[in-house]
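Novice: Protein chains in written order, with our numbering: chain A, 1 to 294; chain B, 1 to 327; chain C, 1 to 238.
One thing to keep in mind: the hints can contain errors.
[Stated by the list, open to error] Simulated restraints, written as ranges between beta carbons of each label pair:
(1) P86(A) with S110(B): 17 to 27 Å
(2) R111(C) with A251(B): 49 to 59 Å
(3) F280(B) with G90(A): 23 to 33 Å
(4) V154(A) with R24(C): 30 to 40 Å
(5) A251(B) with V258(A): 27 to 37 Å
(6) A136(A) with S203(B): 17 to 27 Å
(7) G167(C) with F280(B): 51 to 61 Å
(8) S140(B) with Q160(A): 54 to 64 Å
[As the list claims (entries may be wrong)] Far from chain B, by Cβ distances over 12 Å, these chain A residues were calculated:
(9) F65
(10) I70
(11) V83
(12) G90
(13) R94
(14) Q122
(15) D131
(16) A136
(17) L158
(18) Q160
(19) T162
(20) G250
No wet-lab data here; the hints were simulated from the structure. Remember, predicted model here, so these are calculated numbers, not experimental data. We put the beta carbon where it would ideally sit given N, CA and C, even for glycine.
One letter stands for each residue in the lines below.
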Amino acid sequence: MADFMQQVVVGLSSGSIYASLALALVLIHRATGVINFAQGEMATFSTYIAWTLTTNHGWSYWPAFAATLILSFAGGVAIHQGVIRPNEKGSVLRVVIVTIGLLLAINGLVTLIWSGEVRAVQSPFPTRTIDIGGVAISIQDIGTIGVVFATVVVLWLLFQYTKVGLAMRAAAVNPAEARLVGVRVAWMLSLGWGLAAVLGAISGMLAAPSVFLDPNLMAALLIYAFAAAVLGGIDSPIGAVVGGLVLGVGLNLLGTYVDFVGADLRLPGALLVILVVLLVKPSGIFGKTEVKRV
Amino acid sequence: MRQARSFAPIAAFAALTVVVAVVPSFVSAFRAQQFAYVAIYLIALIGLNVLTGYTGQISLGHGAFMAIGGYTTAILVADHGVKDVWTIPIAAVLTGVVGFLFGIPALRLSGLYLALATFAIAVSMPAVIKRFEGFTGGGSGINLFGLPDLTASLTPVTILGQELTFNDWLYYLCWTIALAGYVVAWLLLRGRTGRAFRAVRDSETAAQSSGVSLPRYKTLAFGISAAYAGVAGSLFAIATTFVNPDTFPIALSILLLVGVVVGGLGSLVGLIAGAVFIQFLPIWSQEVSKSPGAPAVVSGVVLIALMFVLPMGFAGLLARLRTLTKR
Amino acid sequence: MSSGDVLLRLDGVEARYGPVQALRGISLEVPEGAVVAVLGANGAGKTTTLRAVSGTVRRSGTIQFAGKALHGGPEAVARAGIAHVPEGRGTFTELTVVENLRLGAYTRRERSLDADIDRVSKWFPWIPDRAHQPAGTLSGGEQQMLAVARALMARPRLLMLDEPSLGLAPMIVREIFRIVRELNEREGLTVLVVEQDARIALQSADTAYVLEVGRVALAGPSDELRENESVRRSYLGY
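Turn these sequences into a full structure, and let the hints guide you.
Specialist: What follows is the structure, encoded as structure tokens:
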């Protein structure tokens, strides 16, 4: 039983990381109707920035973390205003290709600036475990879950209780009507991209200590995030969080207790989740089944 | 007037055929091989265009169809002694059927969801191939080099009195099939099927109310596009003389979609430019700078810039030139 | 409260949707404190006229608001003091009633909007009871009223209503126009209303313009228009 609880906590920890990136994808999809294929690479870039600040410039962890979030936010806004917005009027595919171009360019940029070597990243949390009710739980796992939880709560407060948050929600669901009440919709969408970049950065920075830092840090994570977003419902922020946690715990338990699954069938497991959900209920757990208006 | 209008595309096509026939005499064997790959991509793009450009169904998984075609050829040639050329139609039919069958559950998915589903399939393909080791040779793949059933691989082959080495043979094989495939697609899309496809893309509800059977045409489109991808995959296997799970990665599927959008959706003409683009972009990017990571940056920036400059792809550019010359 | 000065003036305004010319030179005036109606058949350009003012569609020609040239997109026009209630209400169906109202006051800087919500609730007393319901659960008539309430939250100088009667029962339409008329009389709110239902529009408005194929065909005080032969035959049915 203790072993089981331990695995659940580990699963929640990786699930939090999936949830954060999935939330980023959902935010952008809700706001601009696009899947940002470059979300993972943007997160990788942010993680490298944090790494550079701490390793090459001697910053301590949390100030570097905060600075990275601010820079990521600015980057997200800049990308939306500079590259996405001019293409929004065209077909969805045009924007998809643009995000693919971003994926390539940012991935290449990371290698160009920091080289492709694999680096070890220190965790801000102590690596020892503490004993809770007989179960050995790693502080790093608790820390990871805590950071993502705090982020989600802050975002929720932002969306529910602030003027800006309300404007962002309005811009996402009814951009034309939002304009009529004076909301600068384009900037609200950019804010969405900025927040998504922040979420991605958090995801990357939390994942790096365990998976090591290299240009392909987020490639696999992006797929887990897709699975989480599809599972929870591609337009549902709650869904992204729940989906991420369920996926994290589920995959971990499967990997631990079901023999032939093993560690390296996790990724296909996530892909299978995508396919099964799309086959059975495309809108996911929390999504509304699309009523096709004739 | 009608005579003159239908003359132009036929004349252009004839000119293209002549150019294609003559090129190998002027270029090195290496270049000929590169152009052969252009033809292979063209075949895959024609198929993908039928699906995405004409019926509006987005696929990020056509690399997986290519894998099916490629492995069909590899297994038949290596394990069953079938001559490589005969495996091509088999690959086409097999992949076409798989595509058609995939089209059935795909009917329930629209736009983004379909893109994600096809993406998931394409990403899992390498792992699935590895899993069925007995069949596919697993991670070590299947080698075709030097096998007697691989035409011209050891000794040059003689066609119509001409002696062709492997690269030239490959070039003519691929382009002949590409041009034939082009004509077939053109005929198909001109007629009733093409109109039905376009109706589905423009408005599913309108199409349905006009009596167009959505399931039939959408699954048909999947089948046709898969068949083309299967042929492309088959030729790809022949060209690289080797297949393993990493021969058809997710990057290939993404590249194909890029090719179709850059070429211009819904039009056959720009596709040649699209195929040239996806074959040569990585190479040109390397020529700009060889520092690690730089080619990717160049490719990415070029891609983004193209969407700004040519939002309708090369086909859009050609259409604009045509209206300019009409004045 | 009517100062009689012209609050909104359109001069030779043209607008097109792609190749289709929707407005072929519209000129009209809305005096401050008045209720002005724009009538016409479907496709005459009534909705496009409002869209031209709010900057939702590209247009040429002069539009002056409170003496100054009006340009820019809907965001700028809203900030200038014009509230546009579009065709189909434009309520944010996924947001609650209160959230819709708060959005109405987006251009205002006040920290607390409670006073404004109270003020608006006086006109629509059912609002406080349904405050936290999603706007999509309201009936068509209630959504129309919510849209007007939302517009009022901005304290606009000009209220533009696009086809408020669309899809609503006659009794509810009368109620809405009664409220609009009262808002005008008691608070001096200037109103420009586009309507298909000519009868109720002419009853509630001071002056009216009749559009045909993108041009102003007739204009004048609503009493006169009501007596006009062609108006009676084409739009009033007798």
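Novice: Minimum Cβ separation between G250(A) and chain B greater than 12 Å?
Specialist: Label holds. Min Cβ-Cβ 16 Å, cutoff 12 Å.
Novice: Compute the least Cβ-Cβ separation between Q160(A) and chain B, then decide whether it is above 12 Å.
Specialist: For Q160(A), whose nearest Cβ neighbour in chain B is about 27 Å away, the distance exceeds 12 Å, so it holds.
Novice: Is the hinted range of 17 to 27 Å satisfied by the C-beta distance from A136(A) to S203(B)?
Specialist: 60 Å, violated
Novice: Does T162(A) sit more than 12 Å from chain B, CB to CB?
Specialist: 29 Å, holds
Novice: Evaluate the condition: distance from the CB of A136(A) to the nearest CB of chain B exceeds 12 Å.
Specialist: With a cut-off of 12 Å, A136(A) remains clear of chain B, as the shortest Cβ separation is near 33 Å.
Novice: Verify that the Cβ of V83(A) lies farther than 12 Å from every Cβ atom of chain B, and report whether the claim holds or is violated.
Specialist: 6 Å, violated
Novice: Is the Cβ of Q122(A) farther than 12 Å from every Cβ of chain B?
Specialist: 25 Å, holds
Novice: Would you check whether the claim that I70(A) is not at the interface survives, using Cβ distances to chain B and the 12 Å cut-off?
Specialist: Correct as stated: the minimum Cβ-Cβ distance to chain B is 24 Å, above 12 Å.
Novice: 30 to 40 Å was suggested as the range; check whether the CB atoms of V154(A) and R24(C) agree with it.
Specialist: Distance hint for V154(A), R24(C) is violated at roughly 53 Å.
Novice: Determine whether the non-interface label on L158(A) survives the test: each CB of chain B must be over 12 Å from its CB.
Specialist: 26 Å, holds
Novice: For the pair F280(B) and G90(A), does the Cβ-Cβ distance stay inside 23 to 33 Å?
Specialist: 25 Å, holds
Novice: Evaluate the condition: distance from the CB of F65(A) to the nearest CB of chain B exceeds 12 Å.
Specialist: Holds, since 25 Å exceeds 12 Å.
Violated hints for the displayed structure, listed by number in ascending order: 4, 6, 11, 12 and 13.
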